[in-house]
Amino acid sequence: EAQVTQNPRYLITVTGKKLTVTCSQNMNHEYMSWYRQDPGLGLRQIYYSMNVEVTDKGDVPEGYKVSRKEKRNFPLILESPSPNQTSLYFCASSFQGRDTQYFGPGTRLTVL
Amino acid sequence: SQQGEEDPQALSIQEGENATMNCSYKTSINNLQWYRQNSGRGLVHLILIRSNEREKHSGRLRVTLDTSKKSSSLLITASRAADTASYFCATDESGGSYIPTFGRGTSLIVHP
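Chain order of the listed sequences is A and B.
With this note's numbering applied, the first sequence covers 1 to 112.
With this note's numbering applied, the second sequence covers 1001 to 1112.
If you are wondering where the hints come from, they were derived from the structure by calculation, not from laboratory data.
Glycine included, each C-beta is placed from N, C-alpha and C at the ideal position.
Accuracy of the hints is not assured; some may be wrong.
[Stated by the list, open to error] Label-pair restraints from in silico Cβ distances:
{"no.": "1", "chain 1": "A", "residue 1": "F95", "chain 2": "B", "residue 2": "Q1014", "range": "17 to 27 Å"}
{"no.": "2", "chain 1": "B", "residue 1": "E1055", "chain 2": "A", "residue 2": "F95", "range": "22 to 32 Å"}
{"no.": "3", "chain 1": "B", "residue 1": "L1061", "chain 2": "A", "residue 2": "Q3", "range": "16 to 26 Å"}
{"no.": "4", "chain 1": "A", "residue 1": "Q3", "chain 2": "B", "residue 2": "S1058", "range": "13 to 23 Å"}
{"no.": "5", "chain 1": "B", "residue 1": "V1044", "chain 2": "A", "residue 2": "N7", "range": "37 to 47 Å"}
{"no.": "6", "chain 1": "A", "residue 1": "K18", "chain 2": "B", "residue 2": "T1077", "range": "41 to 51 Å"}
{"no.": "7", "chain 1": "B", "residue 1": "E1015", "chain 2": "A", "residue 2": "E53", "range": "47 to 57 Å"}
{"no.": "8", "chain 1": "B", "residue 1": "G1016", "chain 2": "A", "residue 2": "S67", "range": "46 to 56 Å"}
[Stated by the list, open to error] Straight line, CA to CA, 30 Å or less: simulated BS3-like cross-link-like pairs of lysine-lysine:
{"no.": "9", "chain 1": "A", "residue 1": "K17", "chain 2": "A", "residue 2": "K57"}
{"no.": "10", "chain 1": "B", "residue 1": "K1026", "chain 2": "B", "residue 2": "K1069"}
{"no.": "11", "chain 1": "A", "residue 1": "K71", "chain 2": "A", "residue 2": "K17"}
{"no.": "12", "chain 1": "B", "residue 1": "K1070", "chain 2": "A", "residue 2": "K57"}
{"no.": "13", "chain 1": "A", "residue 1": "K57", "chain 2": "B", "residue 2": "K1026"}
{"no.": "14", "chain 1": "A", "residue 1": "K57", "chain 2": "A", "residue 2": "K69"}
Let the hints inform the model, and build the full structure from the sequences given.
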């Protein structure tokens, strides 16, 4: 089944404790991206990747890192999480960036 | 940057009625997409309309695009309780990044 998976789905952590949210797609898509969704603000793009080893900042990249060492994986790294990073995070992929995006189920992160 | 803005922010209707939501954007686009999100879940692609198209249909969905007014509308006919969700437009800016940018969404409630 074609899908985008994210892990973990729920995470509660404390300020400053490094964490990684994994994202994997099995559709051989070149484009992958991360979004955060906050009430009243909609979806905001954090980072995107056009291909392996090619990443670029979105609208709200501060406090996040990403890597794209393999085509299928695009992990989101929070080196020192802070409470303002409490949010619902979505990973998405597409064959070509300008077309249909397939979204993962989301990761609800709480930083205390 | 966030380009598409949906209107209204919230819409409440009875089952069987039509639901219309609008999206306005600021710059030239290559295409515009509509997505649906059930509460707390990942977004699901509904329909893509290209800048040289004026209208598209998919089942009970009808999307129009007016590039002169920089606006699009999504019409859901004969709505059902299962249509209750948030609806987002995503625009692909001409010359912009390769990943579409999303608006804040319209929350639709369909009462049985």
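For each hint, the structure was consulted:
no., hint, verdict
1, A:F95 - B:Q1014: 17 to 27 Å, "violated (39 Å)"
2, B:E1055 - A:F95: 22 to 32 Å, "holds (25 Å)"
3, B:L1061 - A:Q3: 16 to 26 Å, "holds (23 Å)"
4, A:Q3 - B:S1058: 13 to 23 Å, "holds (22 Å)"
5, B:V1044 - A:N7: 37 to 47 Å, "violated (20 Å)"
6, A:K18 - B:T1077: 41 to 51 Å, "holds (49 Å)"
7, B:E1015 - A:E53: 47 to 57 Å, "holds (50 Å)"
8, B:G1016 - A:S67: 46 to 56 Å, "holds (50 Å)"
9, A:K17 - A:K57, "holds (23 Å)"
10, B:K1026 - B:K1069, "holds (9 Å)"
11, A:K71 - A:K17, "holds (27 Å)"
12, B:K1070 - A:K57, "holds (26 Å)"
13, A:K57 - B:K1026, "holds (21 Å)"
14, A:K57 - A:K69, "holds (17 Å)"
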